[in-house]
Structures are given as structure tokens and as C-alpha cells.
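Spelled out, the chains give:
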Amino acid sequence: MEKFVTITSNITPLAIEDIDTDQIIPARFLKATTREGFGDNLFRDWRYDEQNNPKKDFVLNNSDYAGAKILVAGKNFGCGSSREHAAWAITDAGFKVVVSSFFADIFKNNALNNGLLPVQVSQQFLNTVFEKVQADKNLKLNVDLEKQKIEIVGHNVSESFEINDYKKTCLINGYDDIDYLLSIKDKIEAYEKGSKYLSLISK
Amino acid sequence: MAAKTLFDKVWDAHVVTEIKGGPSVLYIDKHLVHEVTSPQAFSGLEKRGISLFRLQNTLATADHNVPTKDQHLPIKEALSRQQVEKLTENCNKFGVTLYGLGHPYQGIVHVIGPELGVTLPGMTMVCGDSHTSTHGAFGSIAFGIGTSEVEQVMATQCLMQSKPKTMKIEINGKLGKGVVSKDIILYIISKISAAGGTGYFVEFAGSAIRSLSMEARMTICNMSIEMGARGGMIAPDETTFEYIKGREFAPKGAKFEEAVAYWKTLFSDEDAKFDQVLTYKAEDIEPMITYGTNPGMGIKVSGHIPAETEIDAASRLSFKKSLEYMDFQPGASLIGKQVNYVFIGSCTNSRIEDLRLVAEFVKGKKKASNINAYVIPGSKQVEKQAIAEGIDKVLAEAGFELREPGCSACLGMNEDKVPKGEYCVSTSNRNFEGRQGPGARTLLVSPLTAAAVAVSGKIVDVRDFNLN
Ligand code: SF4
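One line per chain: the protein sequences are S and Z, in this order.
299 is the number that the numbering used here gives the last residue of the first sequence; the numbers go up by one with no jumps.
559 is the number that the numbering used here gives the last residue of the second sequence; the numbers go up by one with no jumps.
Think of the hints as simulated: they come from the structure by calculation, not from any bench.
Be careful, since some hints might not be right.
Sample of chain S residues at the chain Z side, in silico, Cβ under 8 Å [stated by the list, open to error]:
{"id": "1", "residue": "E98"}
{"id": "2", "residue": "V101"}
{"id": "3", "residue": "T129"}
{"id": "4", "residue": "G170"}
{"id": "5", "residue": "G176"}
{"id": "6", "residue": "A200"}
{"id": "7", "residue": "D201"}
{"id": "8", "residue": "I297"}
Glycine residues also receive a C-beta, built at the ideal position from the N, C-alpha and C atoms.
The task is simple: from the sequences and hints, build the whole structure.
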């Protein structure tokens, strides 16, 4: 996994609540057997019409926001299906951070497992970002994982965010969970010897 | 000893070790695998040059992509076929038990686990699929995971998990006529919203829950993810033990007795503390339907879509966008609205009791001429049982066709899709934009209401029919 460093970037604002993973990547695009290439179909049905022409009014097709590494979305982002393809699609499209006032649990885990940082902010902070980006399309956010701080650049508005120490260390160093779990195999085997369930189903 | 919730008891029994300031390492007793969320995990193992840590704890099936007609023929759609073939190839290579197409145990992953006696009280269970919460109906901790986590479980039989908060939802009293378990869960989600359970593991309790069959309980736990909860669970009782007894992979004889003795200890202690407790009356619940694009947007079938003023200012934009997609007006009633598609199936409502309920209702009636209906059994076993009971014939006489098992139009990965702009009354669990096909408009209901809509050709209150 790529190491996470501090990021300053313009944003892609998506002021819609309850964005589910079916919108992020529709089921018909889940047939690939690799992790790459999902970015082209990110928000497919919001982004393209039936003839595959880009819809002008959708934010990802608006060149004012091009090159953004930070996606900012309404509350309850990533609800619904557990498909990790949603996190793959977002990272494949070049995003490193998703900001929302609330994340669905599975999405949050999937994002963290792919070096995509979910930053949960207050509803007020989120509203401020949506307001300010209307006046200044080039509005930038700075996300500092080390300090756990997110800031609206040049506006002196900032907030701290939560992340558990373990996940933070993983992101900063580019470690993944499997490396850790594989290193404690002896503990796992010791657990199995005393497992109630395993003893019940053994013949 | 401190009082514990059911969730705490099962969780604590599975903690291998804890990381300071971080998650716990949780042992996973059973890992279910399907074709969509596993290929990248298998290739991850390959890249690391490792195999599955515990093959015997792993079980695979093909369900999301499979056609529901002519399953004996090769899958027509190339990408779907490749994904299903990839699963077979991976299972063969790694030695994973696969109930693939053509196998008598094949079916939707959350239907086959319970019916084969794989799902048992007190176990931990995961699958790369959010509706893994279904299995919580047995008093197990069961939840959906992403593909990186699928790889973790394959590699180590463990997951790194932070302990969620606990919520108890109690429903007491007696359900009214025409009200079934699907209505209970749609009612709860409409009350607490599609995000109301996020961060929680939910225990469903109360006399109304106790009186439900196992299959009805599964419908409730299945949709706990639709309120954002990681999972739902119900304490095992005689109904549970009775259901498990004699099933293919369930413990037998003395082992079964030993298991039951243990399972009887799995309940929330009287003074156990939950982070949140909600209580509802069964008598307040009526047949439900959703009008919007998330499962929290539900109303009584006899009710009205909320007016804009009833919606939080911050959520109004999303509310309007949703009604625009559905082509509904705020404040409107849905009764009498023409619907051309009905889908009866999915891991929420495709079990034998669901099919019995539908068959009993449509017996002697006819499907309305405008209705296109899909009736999709949850598994080969359900299909077999339905045929043995003559349900296929009853359905055929009423103008329905019982097809072959799979996820089907629940998510439209195979060719079963609802056309753009059409309304589909569906027994599945998600009414997201485009879920049943690009531009399709989904209204979630119980199997009973779906059957009533199918014979009426429009939205009706099932209680207007003569119900026994
Ligand atoms: S039936 Fe639908 S919800 Fe259930 S596992 Fe299949 S796709 Fe997912």
C-alpha cells in the first residue's frame, strides 16, 4: 500500500446525502477480476447519459474541479453494498481523501484498506466547505494525517478528526493488516485450541 | 461477573488478541465466498504466495451473476461467465468447497448457509457481502466485509475489527393481519433512517420477534445493514434449535445436545447495558412500502409520502432528487399507482416460507395482464421443496413462472433487469437508483404485498383482500 502523506488539493464537491456504493460503482461494472480500471465508471450513471456522453451538470465533468484529490460528499457516504470496488473506483480516479459528516462502516474500512483516507467532519464544517466552494471553485483543503487536522486553506477554518492509532500507523507507513495478522499466526493457532465453536463442529 | 449482552458474549469468545489504541483481532468461524468479491482476494493470496489458512472454515457458491433460466447451459453474458468461471478455477486451485451452478446446494449465499446447517448460534461469520447480517438471526455475529478483508480471512481466519456499540430494538405485541416480518424491518428503518444504526450492532428482541419463525427472523436481520448497522442478531431459542436440528452440517447426536446446552447461554443478561435501546409496538406496524431511493424512505402502504416541510432542511435537496428519480410528488399517496414489474426473490425474501406465502395468496387468482413477474427461489433446495409442494404449479396457474436460484433482479448483474423508468415492486432490500437496472424505480415491500400488487397491477393495501 502507498504511504499516506499530507495533502493539499482542490476538491470535488458532491452535496448529496446517503450516497450508496451502487451509485459510486453500479453492479454491472463489478465483473472485473482485477482491482484496476474502476475509475472510469466512478459515479457512472450520474456522470454519463445512456449514449455514454458526459452529463454537463455533473461535478466530475466540470473542468473547474479537475485534478482534485479530495472528494467532499454529504452525510452517510458509502452506505449499502460492501463492494470494495467503490473504494477502488475512487482511488483509481485519483482521490486520496473523502470528506463527509458521516461514513458507512464498511466503506470506511474498505477505504482505509486502500490508502484512501475517510475524514469525518462536523456538519457545520461540511456546510462551510460547500458554501465556500460555490464562491471559489478552486477552494483548497489541507489534510494532515499526522496532526489529524483538516483545514480550509486561506480561510482559517479548521477541525481535528478521529482515526484510531493502529490505522493511522498503517496509513503513514503503508502497512496492511495481513502483514500484521500473518505475524501472529502462533496466537491464532493457540486461540483455535480453546475455541468453543470449533470443538462443537469437529466430528 | 459483569452483565453482558448477547453481542458481548459472542464477541468476547472470539477475540484472539487486542491491539493497544486499535482494533481487536477477531477469529472468524465461517467464511462464505461468492464470485463478485473474491477474485481480487484470491489473486492477493497468489501474489503473497500463500494458501488459505483454514480451508474447512470456508464455503463458496455462485449467485450474483448467474442466469435464472437454463442454468445447465453456459452463461451467455461473457463477463458474468468469466467471473463465475474464475470462481470455479480459484476454488479448484485453492481447494475451497464450491456449491457452483448445477450443484444441488447452490443458491444465494445467505440462503444456503442457514438451510445447510452451516450457520449456527454463537459463531462469527463473514462474507464479502453486506447482507451477511442475515445469519445473525441464529444469534451469531455475522457481517459483511470488503475484498481486502476477504483476503485477510482467507490468509489468517482473522479480521481486525473495532468493537461496535450495541443497540437493542424491542418489538412487543402482536402483528396485525397482513403484516409480516418484512414490514417490521421496513418500519424500523423508516423510523431510524438509513444511517440510524451506523456504528452499532443491533439485537432484536421482544415478544413480536420471539413469535417469528427462523425464516422471518432472517428477513429482519438481513436488512439491519439497511439502517447502517454492521449486523443484527436475535438470541437463539427453541425455534432456533428446532430449525437447526438434523440439517446437513449441523452437529448431530451428543454433539448437538452439547451445542444446545451452550447455545442456551447465549442471551443478553437482564441488567446488560446497551448503548441505545428503542422500543416499538407491533400493533403500530402496518404493511409498508418505500417511495424513495434508500430503504429509510418507507411509509405505510395506506399512508402518504412526506411533504417537503416534514423533511430536515439539510436533507431536502437529497429528498427532492430522490422523488424526481422516482417521479413521485411530496405528500402523494401510492395507492392505485400502476406498476408493471414485480420481483419476488433475493436473500431477504426467497425462502420456502416466502414462496408459500405468495402461493397461498395467488392461489385461484390471476396475475394482472400488465405485470411482468420474476419469482426466484433463493436456492436449489428451496426450488426443490417448492416443486415438491406443488408451489410451482399454483404459481403457473396464476400466471407466474418459478425460475432458477440466484440474486437476479435484486441487483441486475445477470440479464434479469427492470427497464428504465419502470416501477418494480420488489421483495429485495435495496431501492437505490439503478439497483435493479439503469433508471429502474424500486419499491420495497413484503412478499405478501408483492403478491397483492401482482394480481392487482397497481399498488394496493393487501388488507383489502380477504386474508385467512
Ligand atoms: S440477493 Fe441481492 S442483496 Fe442478497 S446477496 Fe444477492 S445481490 Fe446481495
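Against the structure, the hints come out as follows:
no., hint, result
1, E98, "14 Å, violated"
2, V101, "21 Å, violated"
3, T129, "4 Å, holds"
4, G170, "7 Å, holds"
5, G176, "6 Å, holds"
6, A200, "6 Å, holds"
7, D201, "5 Å, holds"
8, I297, "6 Å, holds"
Hints 1 and 2 from the list above are not met by this structure, while the remaining hints are.
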